[in-house]
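Q: Residues per chain, in single letters:
There are 2 protein chains.
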Amino acid sequence: MPAAMEKEPLLQLRVFDLNCWAIRYLSKLRQERVQMIADTLSQEGYDLVLLQEVWSETDYRTLKQRLSACYPSSHYFRSGVIGSGLCVFSKYPILDTFLYQYSLNGYPYMLQHGDWFCGKSVGLLVLKIQEIVFNIYVTHLHAEYCREKDAYLPHRVVQAWELGQFIQHTSKAADVVLLGGDLNMHPEDVGIRLLRGWTGLRDSFTDAERFEGCEDGCTLVPDNYFTNKKELQPFPLGIRIDYILYKGQSNFAVKCDRLVTTTGKAPGKSIPYSDHEAVIATLYVKRHGEAKAPNSNTVEPALVDIMNEARTEVRVGLHAAQRQRYSSGRMAILALLLLLLQAVMGLSSLVGWASPQPFPKFSFSVLGSLAVLVLLVSGVLHIFHAIEVKVLQGTEDQMRLALQSLQDRLSTK
Amino acid sequence: MPAAMEKEPLLQLRVFDLNCWAIRYLSKLRQERVQMIADTLSQEGYDLVLLQEVWSETDYRTLKQRLSACYPSSHYFRSGVIGSGLCVFSKYPILDTFLYQYSLNGYPYMLQHGDWFCGKSVGLLVLKIQEIVFNIYVTHLHAEYCREKDAYLPHRVVQAWELGQFIQHTSKAADVVLLGGDLNMHPEDVGIRLLRGWTGLRDSFTDAERFEGCEDGCTLVPDNYFTNKKELQPFPLGIRIDYILYKGQSNFAVKCDRLVTTTGKAPGKSIPYSDHEAVIATLYVKRHGEAKAPNSNTVEPALVDIMNEARTEVRVGLHAAQRQRYSSGRMAILALLLLLLQAVMGLSSLVGWASPQPFPKFSFSVLGSLAVLVLLVSGVLHIFHAIEVKVLQGTEDQMRLALQSLQDRLSTK
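Same order as they appear, the protein sequences are chains A and B.
Residue 173 in this note's numbering is what sits at position 176 of the first sequence, and the numbering runs on without skipping anything.
Residue 249 in this note's numbering is what sits at position 252 of the second sequence, and the numbering runs on without skipping anything.
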């Protein structure tokens, strides 16, 4: 093949990514927006559509029905109590799917945050287009509710690490790796630096030849009717938390020709698709001269610092989890002691050792049921935090091992 | 390279696999047996040791300390409340590790079965020996407590499927794939046929050139002092549930030269290592002439039937889970109604609408706390079974997609 031919792009891929904010009974104008999204997707005919927060399977079925002509292949990833919210529509047949649920994902008792109930996951799709193998990943990480005091940071760092490891271990046979989704991390956050450093994935926003959309590529902007303006106050331009990342492997290279975000409104409409902006990338896949070995990613020495930073966050989380495990365990023991004491009192009154006053049945039963309740709740919490401790310890362990391998590779370069 | 050279084995690998039955406070003669296992492992100097049911990290540390000279690299996989019980010792450096926790693993309220608390998982290790990449998997699936009425069969089938998918997706760059562990399945069970058919892994027992050990390769035998003789009554020879499976990929082939099991006692000792027999394989890795593509496993038409059989089991589990989700939800609603009724009664007595008789404070409070307790427990159960339903539906979906791809591949052959 002549050199000029080699540089011709083999394939153009148009990818649409959107956090749909389609929560039944809670999201505003949900059905109208789902219909709007379906309209746009069928008009535009993208190659690949990666959606998040499609919490209701009814919405997925609506989309599937509307899009079946244009996107014959689709998949909904089921996990958690209400579903992962992740789904994909593809012009090309999906050959295989696989789901990895993150080991940590918030706390079930934080009902107002709800993340735990979604079973946040990363979904993998395998596609083959013109004999090029694509590993497509779609994900949604734990939300950030308070940037100043982010209790979920260790969980999100664990998720970013597991996401990176999942991609690295499952993408060895892929020619092109593509990740789209709501990572709930600003571009400079430790989790995304870890993910990008560890996997070698490139950011379509920084790499795009042409960009059109919100300033700085933001995807949560004050101009959007549905966003919480108060939360965005510290960021007048908005924040960028939705990404399309990619890399070429073996003898393929990927280039982002054009990146577009919506700008607070769906084009030609009065309302936006969602509280997030859509991210639309036009990628070109080219063939290289020579094949790269799957492990030949250049190791950046800066990655060592990033990994140490991430380990520190994991350790902070570990200390918090250990404290919570301890205090819930102590509470369970106290409740148990109270119950034992009550049992002794109850028995002694039965055998007639008690005072001549009538036995206080009412306060006794109220106290008893309170103790049972506290025992149950703190017991379950103790188990939950024990699992959290194990996962954080395990992650710290894996990170230490990875760091060691990394340093070995750096020193033998 | 001359043809004769090509056939020379490149590498010999001696692998030791054992379910150690090391449960703190519960397993008999635990510490003595851990010491015995450490003695044997350091004397024999295997290349790779795959252990299960090392539930206590203290036992792992004891082993690590005793074995550090002979096995410089080791890893303990942490998951669940008490740890996965999985650990490995290796003569060669471990380059990377990854853990996949199965989506379903029994029920937390089945305290007597305890599987849920272990967070059953598959651990992956990456080794490189003489430039050959080894992906080593160690796992332990959900136990079978009653073969006639096995309530955990759908969970175990889901685990076998996830294990197969995890191996397939993560082993694309490996030259040799090796899986060791307690699969809790008899050789003809649907789960193991699915796993073997889907991954192309070969059974060291059926493939070994020489075999020494218990008849039929059994690893849970009546001759073992610790086994439950009553449970083994239907199987006079015992059962085979511990496996070493393997395959060569790219341009490598693997052969099992010799397979050994212990026979109810540790060699030269009066007691066994565990209630399971150890499985010891001597494998040879050879280099092929030509490389095989990673996806070139021959597809067996029988796999279609196996997958349909597995899907039926998943569907049976799905119906059971849906019933349990429904009945726990109904119970929660009834408890809520009772509480509401009580609230109305309480309020009406406060505003003086009640009868002239004194308000029955004691029975009122007992009934109230009972309702709160039932509401809490059935609410948690409802959430748990809702997750179970989602996972079973998701697995059924993935299996259907995989079956479709399989049939496409078979029809284009």
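Since the hints were derived computationally from the structure, they do not count as laboratory data.
All values derive from a computational prediction rather than experimental measurement.
Treat the hints with caution; some may be incorrect.
If chains are identical, the list can't say which one is meant, so a pair holds when it fits in one copy or spans any two.
Unchecked claim - Taking lysine-lysine and the BS3-like style, the derived pairs with C-alpha atoms no more than 30 angstroms apart in a straight line are:
#1 146 with 266
#2 169 with 88
#3 125 with 244
#4 88 with 61
Q: Given identical chains, is residue 88 near residue 61, meaning Cα to Cα at most 30 angstroms, within a copy, between copies, both, or neither?
A: Within one copy only: 12 angstroms inside, 52 angstroms across.
Q: Is it within, between, both or neither when you check residue 169 against residue 88 at 30 angstroms Cα-Cα?
A: both (24 angstroms within a copy, 25 angstroms between copies)
Q: Classify it for me, residue 125 with residue 244: is the Cα-Cα distance of at most 30 angstroms met within a copy, between copies, both or neither?
A: Result: close both inside a copy and across copies, 16 angstroms intra and 25 angstroms inter.
Q: Using 30 angstroms as the alpha-carbon threshold, which applies to residue 146 and residue 266: within, between, both, or neither?
A: neither (37 angstroms within a copy, 59 angstroms between copies)
Consistency with the previously given hints fails for number 1 only.
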